[in-house]
Amino acid sequence: MKKFLCVLCILLCALSGVFANGSSETSADSSRPVVRVYCGWAETQLPNWRALVDEYNANPDNPITIQLEFFGSSGYFDRLNAEFLAGDPPEVFQLTKTVFNEYAAAGRLYDLTDYLAERGLSETLNKGAQAWAGPLVNETGHVYGFPDFANTSCIFYNVNMFKELGIEEPTDMESLREAARILNENGKKAIVTGASDWCATDLFAKVQAQMVGTDILIDAYMGNAQYNDPVLVEALTVVDNMVKENIIDPSSADYNDDEAIAEFVSGNAGMYTAHTAMTAMIDSLAASMPGFEYNIIKNIDFVEDPLISVPVTWGQMWCVPADCDNVEGALEALTFLFGEYVANDTVEKVGKIYNVESWNKNLSHPALRTAVDYQMPSSATADSFYLVDMVSSRVLENLNRGIQQMIQGRLTPQQVLDNAQQTWVDEQAQRQ
Amino acid sequence: MKRLIGRILIALFLIILSILTLGPLVWTVMSSFKTSGELMLQPYSIPAKLQWKNYADAWRLGNFSTYFINSIIVTFISLLLMISVSSLAAFGLSHYKTRFNHPTLLYILFGQMISAAMVIFPLVIILQKMNLTDSYIGISLVYAAGGIPFSVFVLSNFFKTIPQGLFEAAQLDGCSEIKKFISIALPLIKSGLATVFLYQFLWVWNEFTIGFTLIRSSSMRTLPVGLYTAVFGVLQTNYVVAFAGTVMVSIPTFIIYLVFQKHLVKGMLAGSIKA
Amino acid sequence: MKKTIQERYKLKWFELFLAPALILYTIFWAVPILSTLSFSFTNWSGITPLSQADFVGLKNFKQMTTDPIFIQSLKNNFQYGIVMVLVVPPLSFMIAYLLDTHVPFKKFFGVLAYIPAILPSVVVMLLWRWILNAQYGLVNTLLRAAGLDKFAIGWLSNVETALWAVTFVSIWKTIPVYMILALAGLQQIPVEYKEAAIIDGANEWQRIIHVIIPSMRGVFYTIFTLIIIDVFRVFELVYIMTEGGPGYYSTEMLLTYMYKTSFSSYMAGYGSAIAATTIIIVLFITALNMKLSAKYDEE
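Protein chains in written order, with the working numbering: chain Z, -12 to 419; chain P, 122 to 396; chain A, 82 to 380.
Note that these hints are calculated values from the structure, not bench results.
No incorrect hints appear here.
Below, a list of computed lysine to aspartate or glutamate pairs in the DMTMM-like style, where the Cα atoms sit at most 20 Å apart:
{"no.": "1", "chain 1": "P", "residue 1": "Lys250", "chain 2": "Z", "residue 2": "Glu70"}
{"no.": "2", "chain 1": "A", "residue 1": "Lys140", "chain 2": "Z", "residue 2": "Asp413"}
{"no.": "3", "chain 1": "P", "residue 1": "Lys301", "chain 2": "A", "residue 2": "Glu96"}
{"no.": "4", "chain 1": "P", "residue 1": "Lys383", "chain 2": "A", "residue 2": "Asp181"}
{"no.": "5", "chain 1": "Z", "residue 1": "Lys336", "chain 2": "Z", "residue 2": "Glu30"}
{"no.": "6", "chain 1": "P", "residue 1": "Lys250", "chain 2": "Z", "residue 2": "Asp312"}
{"no.": "7", "chain 1": "P", "residue 1": "Lys218", "chain 2": "A", "residue 2": "Glu96"}
{"no.": "8", "chain 1": "A", "residue 1": "Lys143", "chain 2": "Z", "residue 2": "Asp413"}
{"no.": "9", "chain 1": "P", "residue 1": "Lys123", "chain 2": "A", "residue 2": "Glu285"}
{"no.": "10", "chain 1": "A", "residue 1": "Lys156", "chain 2": "Z", "residue 2": "Asp413"}
{"no.": "11", "chain 1": "P", "residue 1": "Lys301", "chain 2": "A", "residue 2": "Glu88"}
{"no.": "12", "chain 1": "A", "residue 1": "Lys91", "chain 2": "P", "residue 2": "Asp294"}
{"no.": "13", "chain 1": "A", "residue 1": "Lys275", "chain 2": "A", "residue 2": "Asp181"}
{"no.": "14", "chain 1": "Z", "residue 1": "Lys175", "chain 2": "A", "residue 2": "Asp230"}
Here are some of the chain P residues that sit facing chain A, going by a computed Cβ distance under 7 Å:
{"no.": "15", "residue": "Thr149"}
{"no.": "16", "residue": "Gly213"}
{"no.": "17", "residue": "Leu262"}
{"no.": "18", "residue": "Ala266"}
{"no.": "19", "residue": "Val352"}
{"no.": "20", "residue": "Thr367"}
{"no.": "21", "residue": "Gln382"}
{"no.": "22", "residue": "Val386"}
The beta carbon of each residue, even a glycine, is placed where N, CA and C say it ideally should be.
With the rest of the complex left out, here is chain Z (with noise of 0.2 Å):
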């Protein structure tokens, strides 16, 4: 009987001493510290990196070896917070600004404001990006984490089509309208949004940056607004109106993002709402349709005098752990994907928008740079903050939710932000 039990013992030893070990063989070279960078992307979004990461490991000068995940999928926070949990997070990873302003308040993200200056980062990065890159409430004005590309919200149009029927280039309200109507006279879809996914909110962040601006957010976040707010309201039923009139096309209310965007490509709608960083999906669905060209509308007016033109989303922030054991190669890691050998060559074959203007130079995607021509320079500062980052992920939730069922007919301004109001309540009740 102990014969039995020594075998199955030996038994166990030797696959916890084979398998234990398993994943280690990744990093080869071991004479050099192991950084290991997480993107939340999946590895199409920066498909150059991959390379550019392994002749950086092969040349023996370079200080540290990157270890560099591409997760892809919403579970990737998750994921991470797992890896927080156990007390063992990657040195360098990507959050969205919901997920980082969740992560900076709490603490847990290293100070990256002497990091920038040494670079000589602070001139150059876009202000706006900088004011960005902090907990919603920043009194100190610190850097915590590196946002990494621009995406401004835009509409973006069929050009063929507009050109076939005759339609120009809206610029405010009126020349919507009128666009839609002749769009839907030809029996078209005038604008399609992915309202299962985050693109509703889209909408009404078009509208809430031109009439209300940034503060708002941070008041209601703070408590001392309410998302409710009537300003907020009027907002919102601009977006509701745009779906009464057919503007917005209420078949929408049921797509996500890829159905949308396949509407938009196959030709049956004129319009996608959503902002820059779609152009790949796009792109992706488009190389199936030849002859498909689309461009994105500069700018259009929904409200009279606009406080800004639209709101930007400056990123994802690249952030390395308060309590990094390796910060210097944390920072090396950084150095390297964030500086101009691997900007130029990502502006060029991926088509990004950097925040740091002179890395945009090579930019030739015919969207994007309609972007960075007329809508960055007029939007760069901190009132274009993007609402849909500017929310806990429970209320962005809620939103999302709530203009799908207003899409839908189902409720009014004045509803969805209630119920909105009342799940940040609901939420800060829960966390204490």
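Take the given structure of chain Z and dock chains P and A to it, following the hints.
For chains P and A alone, kept in the frame of chain Z given last:
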């Protein structure tokens, strides 16, 4: 006349059953051989030309070769562990009558009520403390533990079917307890082991939540996790390739199922029902 | 005296045989669930160290009673559960019975009918997401081809239909499992019973009602117990297919809400309290089921 109607009804039932179970699968396999354009324009036609390229693309883009190896290793270790400790425990539970039998069984069965989503938070911490994060053995231990309730339950019912007389005779011959277990009991419950193997293979091979949260590096992902990340990442708009990936991932479960299917009902007969 | 020696001997072997399984099970399954239960009394966020969290007593549980999303999840979970409990056992029994008695090539069709259950749930969810897709999904293309354009809706993204669509997919995936159980139960009924009934002149319907179903009581009990546990454990299905949407949480279930609260909203304490509540509900219903069935057996 009545018989004829009966026959027609049965035929109708079989047709509906086949369409409902096979329809979606046939459609998936068909779609996986189409071009993107075909899928959009003629979603339910037969592919004009078999696009084997989709499979090659899926294999390459989705990095499935790594995931296959990971899944095989993880499934192998966890089933080996799970079935060996469970059969020991099940034998103990069914062969030795003590006052702890009932409480122990209840304690183990309580685990059957737990969903993986409820326990991953603490599991992350435990694996980290034991230095097993991101290792094959770490995730296999979790699978083995999670499979214990079902395995012990089914196997102990199988052991109960063995006539006590056999053991008594062996005892008279001076047979040790371990020998009783290995040379008398185990060979008699082969079909029980096969049943447990089939069900637990399907569980471990297909498991998503635990794998998704506990595996850290992309080189360690198991197939379902790899498929999920690929479909929502690399292949997001590339439906035909995603279909091909889906088909590839399902093939091994089909093979195991066809080999072991005769134990499905048999296992249930001896296993779950006597409770 | 002799008896105690024998008892001790038995106990020693009992312990030895059970030790490996119990150790493994305790460390990797029982301890985690107990930890989850203990987190539910704290306000731990999940991204700060646990030592910084405060003990808040039953506050999380009180908070739940006024949380509209939790109440919605509870409602959805119960609606889903009731439909499953009402639909799955009778249908499983029906299919099993037909397969067992009336179908030619019953082995072949038995193997075929089980196929939905062997697929990885990720595959099942993706497959049905595509089939139910608003634009190019199979269901809608067929509907449009039949001229029923107005019924071609986004089954999973429409507030009215999403929960039903999810429930349907779940039924599709679970029926085979219970069908096998029912099939096993049917094959266990002694042939004499059925023959005796035939000699008594009972028709098929009467035989099912008076002979077959009563003698399968044990099987039905097992089926109900398993389904009840299962419906509250529903997670992957919703997480992959709808993420709780569309609209205001129309397919949110207890565990998907728990997962989001813990991992996306950074309220591990509150999330754990939801998990604990789910366990309590399952325990309560299982106990009730046990009690009812025991009472029925006495009668």
